[in-house]
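S.K.: In case you want the letters, here they are:
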Amino acid sequence: MLLYNSIVFSQECNHNFSGNILDFHNGESITGATVFIKNLNKYTTSDVNGEFIIDSLCKGELIIEISHIGCETKTVTISLTENTFIKINLEHHLEELNEVIVSTNSKTEKTSIEQSVSKLVIESYSDKSLGDALNNLSGVSSLNTGNTIVKPMIHGLHSSRLLIINNNVRLFDQEWGDEHAPNIDINSGGRISVIKGANTLMYGSDAIGGLILIKPENYAVKDSLFGNTSLSLNTNGWGGNINTELVKTFKSGFFAKAQASYKVFGDFETPNYYLSNTGIKNLNISTRLGYKTFEKGFEANYSFVDNTIGILSASHIGNTNDLVNIINSEEPPARNDFTYKIDNPKQSISHHLAKIEAFKRFKDLGKFSLQYDFQINRRKEFDLRRGDNKDVPVIDLRLFTTSFQPNLKIDSFENLKLNLGILLRYQQNDAISGTGVSPIIPDFEKYDAGVYFIGNYKLSADAEINAGLRYDFSRIEATKRYRVTDWNETYNYDEIFPEFETEEIENSRILTQPEFTFNNISASLGFKKRLNNDLELLLNYGLASRTPNPSELFSDGLHHSAARIEIGRLTINKEVANKFVASFERNNEIFGFTISPYYKYIGDFIQLIPVGSTTTIRGAYPVWEYDQVNAQIFGIDIDANVKIDDHFYYNGNIGLLRGDNLTDDIPLIHMPSTNFSNALIYKNKKLNQLSIGIKQKTVLQQNRYPDYDFHTFNPTLQEDVYVDISSTPESYTLFDFNSSANFKIFKKGDLKLMFTIENLFNTSYREHLNRLRYFADEVGRNYNLKIKINY
Amino acid sequence: MSNFKLKTMKTIKLLAILFISSLTLLSCSSDDDNNDNHDHEEELITTVIYTLINNADATDTVLLTFTDIDGEGGADGVYDVQGSFTANAMYTGALTLWNATENPAENITLEVEEEGDEHEFFYTNTAGLTITKVDTDNNGNPIGIATSIATGDAGNGTLTVILKHEPTKPNDGTSSGAGGSTDVEVTYLITVQ
Numbered sequence: 000m001l002l003y004n005s006i007v008f009s010q011e012c013n014h015n016f017s018g019n020i021l022d023f024h025n026g027e028s029i030t031g032a033t034v035f036i037k038n039l040n041k042y043t044t045s046d047v048n049g050e051f052i053i054d055s056l057c058k059g060e061l062i063i064e065i066s067h068i069g070c071e072t073k074t075v076t077i078s079l080t081e082n083t084f085i086k087i088n089l090e091h092h093l094e095e096l097n098e099v100i101v102s103t104n105s106k107t108e109k110t111s112i113e114q115s116v117s118k119l120v121i122e123s124y125s126d127k128s129l130g131d132a133l134n135n136l137s138g139v140s141s142l143n144t145g146n147t148i149v150k151p152m153i154h155g156l157h158s159s160r161l162l163i164i165n166n167n168v169r170l171f172d173q174e175w176g177d178e179h180a181p182n183i184d185i186n187s188g189g190r191i192s193v194i195k196g197a198n199t200l201m202y203g204s205d206a207i208g209g210l211i212l213i214k215p216e217n218y219a220v221k222d223s224l225f226g227n228t229s230l231s232l233n234t235n236g237w238g239g240n241i242n243t244e245l246v247k248t249f250k251s252g253f254f255a256k257a258q259a260s261y262k263v264f265g266d267f268e269t270p271n272y273y274l275s276n277t278g279i280k281n282l283n284i285s286t287r288l289g290y291k292t293f294e295k296g297f298e299a300n301y302s303f304v305d306n307t308i309g310i311l312s313a314s315h316i317g318n319t320n321d322l323v324n325i326i327n328s329e330e331p332p333a334r335n336d337f338t339y340k341i342d343n344p345k346q347s348i349s350h351h352l353a354k355i356e357a358f359k360r361f362k363d364l365g366k367f368s369l370q371y372d373f374q375i376n377r378r379k380e381f382d383l384r385r386g387d388n389k390d391v392p393v394i395d396l397r398l399f400t401t402s403f404q405p406n407l408k409i410d411s412f413e414n415l416k417l418n419l420g421i422l423l424r425y426q427q428n429d430a431i432s433g434t435g436v437s438p439i440i441p442d443f444e445k446y447d448a449g450v451y452f453i454g455n456y457k458l459s460a461d462a463e464i465n466a467g468l469r470y471d472f473s474r475i476e477a478t479k480r481y482r483v484t485d486w487n488e489t490y491n492y493d494e495i496f497p498e499f500e501t502e503e504i505e506n507s508r509i510l511t512q513p514e515f516t517f518n519n520i521s522a523s524l525g526f527k528k529r530l531n532n533d534l535e536l537l538l539n540y541g542l543a544s545r546t547p548n549p550s551e552l553f554s555d556g557l558h559h560s561a562a563r564i565e566i567g568r569l570t571i572n573k574e575v576a577n578k579f580v581a582s583f584e585r586n587n588e589i590f591g592f593t594i595s596p597y598y599k600y601i602g603d604f605i606q607l608i609p610v611g612s613t614t615t616i617r618g619a620y621p622v623w624e625y626d627q628v629n630a631q632i633f634g635i636d637i638d639a640n641v642k643i644d645d646h647f648y649y650n651g652n653i654g655l656l657r658g659d660n661l662t663d664d665i666p667l668i669h670m671p672s673t674n675f676s677n678a679l680i681y682k683n684k685k686l687n688q689l690s691i692g693i694k695q696k697t698v699l700q701q702n703r704y705p706d707y708d709f710h711t712f713n714p715t716l717q718e719d720v721y722v723d724i725s726s727t728p729e730s731y732t733l734f735d736f737n738s739s740a741n742f743k744i745f746k747k748g749d750l751k752l753m754f755t756i757e758n759l760f761n762t763s764y765r766e767h768l769n770r771l772r773y774f775a776d777e778v779g780r781n782y783n784l785k786i787k788i789n790y
Numbered sequence: 000m001s002n003f004k005l006k007t008m009k010t011i012k013l014l015a016i017l018f019i020s021s022l023t024l025l026s027c028s029s030d031d032d033n034n035d036n037h038d039h040e041e042e043l044i045t046t047v048i049y050t051l052i053n054n055a056d057a058t059d060t061v062l063l064t065f066t067d068i069d070g071e072g073g074a075d076g077v078y079d080v081q082g083s084f085t086a087n088a089m090y091t092g093a094l095t096l097w098n099a100t101e102n103p104a105e106n107i108t109l110e111v112e113e114e115g116d117e118h119e120f121f122y123t124n125t126a127g128l129t130i131t132k133v134d135t136d137n138n139g140n141p142i143g144i145a146t147s148i149a150t151g152d153a154g155n156g157t158l159t160v161i162l163k164h165e166p167t168k169p170n171d172g173t174s175s176g177a178g179g180s181t182d183v184e185v186t187y188l189i190t191v192q
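Taken in sequence, the protein lines are chains A and B. Start counting the first sequence at 0; every next residue gets the next number (numbering that gives the first Met the number 0). Start counting the second sequence at 0; every next residue gets the next number (numbering that gives the first Met the number 0).
Honestly, the hints are just simulated from the structure, not real lab data. Keep in mind that the hints are not guaranteed to be accurate.
Simulated DEER-style distance windows between Cβ atoms [what the hints assert, rightly or not]:
#1 Asp387(A) with Ile48(B): 17 to 25 Å
#2 Thr338(A) with Gln192(B): 30 to 38 Å
#3 Leu109(B) with Lys340(A): 22 to 30 Å
#4 Thr91(B) with Asn487(A): 41 to 49 Å
#5 Thr50(B) with Glu502(A): 56 to 64 Å
#6 Asn106(B) with Lys340(A): 30 to 38 Å
#7 Leu109(B) with Ile520(A): 53 to 61 Å
#8 Ile48(B) with Phe734(A): 43 to 51 Å
#9 Leu109(B) with Trp175(A): 36 to 44 Å
#10 Ile48(B) with Glu502(A): 45 to 53 Å
For glycine and all other residues, C-beta sits at the position ideal for the given N, C-alpha and C.
Make the full structure from the sequences, and use the hints.
M.R.: Printed below as a string of structure tokens:
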């Protein structure tokens with residue numbers, strides 16, 4: 000194109016080219032923008048009215064580049080035949096286009112209280128799970144089942160109370176279950192944020208615990224092809240993962256990305272023994288394809304996750320006496336030699352997620368976007384069974400979710416930004432027949448419709464206020480067979496819900512069609528004040544409502560993988576939370592901190608608690624029931640960072656939390672205990688960006704726990720034995736060593752080496768928030784080597 | 000113009016992706032055989048029957064039954080003890096497990112016998128009985144479906160039958176020492192006279 004620079008027409012050189020440079024959002028003139036005619040090497044700048052003029056130009060083609068600090072540089076080509084005037088709109092909001100450049104504020108909303116995990120940190124967890132990576136943030140812990148099923152927990156709340164948004168799609172993967180970890184490949188995201196505050200209305204009304212946002216990377220608009228491949232090897236579990244991704248970007252705004260990872264581990268090992276049947280196999284694939292300029296764009300995504308996870312064989316129990324035996328024994332009885340083979344009990348889950356999204360910006364209005372997505376989750380859980388049923392899952396559920404979300408962001412006002420949108424969602428759960436077990440979650444269909452309105456107003460240069468309101472309608476229609484005796488006598492549903500009954504009774508089971516409709520109002524209020532250069536105060540209030548999930552409503556019977564009878568109730572109502580979160584932050588490399596106290600009051604908090612045991616053919620069997628209480632959770636999260644000198648850095652955090660069951664005046668079950676961590680890091684940028692660190696993490700014993708212990712009759716001993724399911728494991732301290740260095744290996748690529756030792760002193764410990772804590776210790780020391788090549 | 004072409008190409012690719020996704024969707028649906036989850040409990044053991052016959056007198060029988068027709072949860076199970084043991088006698092015992100929700104009732108004992116190396120019955124009592132397992136699995140370890148019982152002096156007590164799935168075999172002869180998970184644990188009140 001540059002070759003077309005035609006001097007052929009250069010006889011008449013008396014034309015002028017003028018223009019007016021305006022802000023795309025509000026039409027205001029932009030002063031001091033640089034106007035550069037590339038092919039003539041001529042400069043000028045726009046005046047106070049945003050206007051400019053360049054005269055004595057010859058006829059011909061002009062390639063003009065207009066740039067301004069904080070704006071996207073724009074290039075226009077015109078053919079000059081006469082005096083020409085054009086209007087040029089520049090974009091101020093570069094962070095939407097390329098977050099990498101504007102790194103000072105990448106928050107979801109400016110008033111939101113959130114913490115982020117960068118790509119760099121994610122890399123060091125490439126063979127672990129989302130929950131493991133987030134566990135390092137203050138106020139975030141995890142509910143584990145063994146060491147491979149890790150559910151993130153914010154302020155003691157998890158599962159249905161915590162929304163996980165992957166690439167702007169809310170993840171639906173039977174997340175109600177304690178042992179159902181989110182089906183997300185940590186390697187596919189670019190940045191992970193945890194929102195503890197209230198700015199979550201855009202994604203749902205029920206983020207009582209908070210929100211986890213997994214955002215993809217943004218790419219620079221230029222012609223480029225790049226990628227990376229990483230390999231991770233571990234001695235504990237003798238496994239690791241391989242991850243590779245390739246990105247192609249075009250100057251036109253098109254981009255494409257493909258990523259795949261495969262992970263395999265065999266049996267993990269405690270300091271003293273192997274944890275039999277704890278291996279994992281995991282395959283992930285994700286692709287992105289899109290076109291993005293400032294004014295318009297679209298994107299299509301598809302990702303697939305396939306997990307096969309072994310469950311500790313010792314955790315398979317038949318009755319309460321088996322549980323007592325294992326609680327009283329120091330070590331799990333069923334132990335085998337190391338193997339990669341995954342036997343029953345195990346979980347096998349596949350998750351498909353596809354999304355298309357398109358947006359267009361309108362002058363003097365804002366950005367309008369449309370998103371359509373669907374997900375298919377197939378969960379199979381295999382248990383130890385007899386005969387022909389050995390390879391038949393005890394749980395086989397398929398959940399299909401599809402949603403449509405139009406959204407309009409209005410940013411044309413001076414100090415006011417508005418965000419409004421609609422959500423339409425349809426969900427269908429299919430309890431696939433052939434399991435030979437009556438399904439724990441029945442077939443259901445669910446319809447959701449929501450509308451939200453969020454406004455952000457800049458009070459002054461230092462203060463902002465944010466307010467939002469959301470309304471949600473949801474309806475669930477289920478089909479479930481109940482035992483007639485349970486329906487009529489145990490639950491008394493024949494009197495409470497006669498309208499759900501049908502005529503059909505078979506095998507002493509009645510076919511019922513429970514239907515529920517919920518209307519939820521949720522709201523948020525946020526305030527941010529900058530106190531001086533690096534000090535900020537943030538205040539958030541949120542009102543959130545959560546409709547009961549299918550397990551809370553419909554569970555009635557044996558949950559095989561949990562080895563307990565779980566009983567939900569159709570009478571369970573929605574829970575409503577009022578949340579207050581404040582944050583006082585100093586953003587400074589030399590000495591920075593975040594002090595964030597919070598208080599949550601949750602009315603009709605739904606909890607699953609042990610209530611004793613029932614007599615079955617297997618003997619006494621543990622029974623857990625859902626009930627509702629009023630609860631409060633409050634605490635404080637503190638993070639600090641100090642730059643000691645040019646090479647030494649310190650990071651530390653502490654989380655204090657207290658949860659109360661106000662109805663019964665006892666502590667809440669399964670609340671994280673006080674924990675704190677300290678890390679000392681040596682960095683030398685000149686020496687291959689060498690980084691060496693040591694980290695200590697201490698988790699104190701949880702002394703505030705509700706006592707749900709009970710007695711069970713042991714027929715062999717002919718006496719009642721005490722079932723201590725409530726008391727908590729002792730405090731523990733772990734040390735990790737980590738190091739990394741970068742090497743330039745060829746012209747356009749580099750090699751990163753990371754060497755880590757986890758649980759440096761091979762400490763034996765058990766964690767209160769691990770559901771398998773009764774059965775075995777946590778994993779011992781692990782040496783990990785990661786090699787990553789960027790190209 | 001070239002930009003437009005490129006766009007068309009990308010649109011085609013996008014459509015291709017959508018097509019592939021919908022294929023995935025369809026392939027996932029293929030095993031959706033019907034919409035009604037009609038599963039009944041195939042694996043359920045509803046009934047435990049321990050039949051004991053006096054070796055010297057075939058009319059002297061003890062029948063110990065436990066029935067929990069609706070399985071775990073629901074109504075509690077029911078014990079039924081017919082007859083009493085004769086003191087200082089020898090009995091032959093046979094244990095059977097049934098799933099009575101099937102029609103005809105399914106004999107689960109056959110499955111247990113087939114997988115004898117993965118199962119074992121354990122017997123304990125407080126009534127002075129000596130119970131010996133007389134059958135063996137493929138590895139020569141006891142299963143305990145067939146038993147031989149010697150009674151002692153007259154008295155009352157309990158008899159407990161435990162079936163372990165995947166116990167350690169061979170083991171120390173106690174259910175707690177054998178580990179595994181409990182499939183059956185029933186305790187009968189018995190009389191020796």
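S.K.: Compare the structure with each hint and give your call.
M.R.: Cross-check of the supplied hints:
no. : hint                                 : verdict
1   : Asp387(A) with Ile48(B): 17 to 25 Å  : 23 Å, holds
2   : Thr338(A) with Gln192(B): 30 to 38 Å : 54 Å, violated
3   : Leu109(B) with Lys340(A): 22 to 30 Å : 28 Å, holds
4   : Thr91(B) with Asn487(A): 41 to 49 Å  : 43 Å, holds
5   : Thr50(B) with Glu502(A): 56 to 64 Å  : 41 Å, violated
6   : Asn106(B) with Lys340(A): 30 to 38 Å : 32 Å, holds
7   : Leu109(B) with Ile520(A): 53 to 61 Å : 59 Å, holds
8   : Ile48(B) with Phe734(A): 43 to 51 Å  : 59 Å, violated
9   : Leu109(B) with Trp175(A): 36 to 44 Å : 38 Å, holds
10  : Ile48(B) with Glu502(A): 45 to 53 Å  : 35 Å, violated
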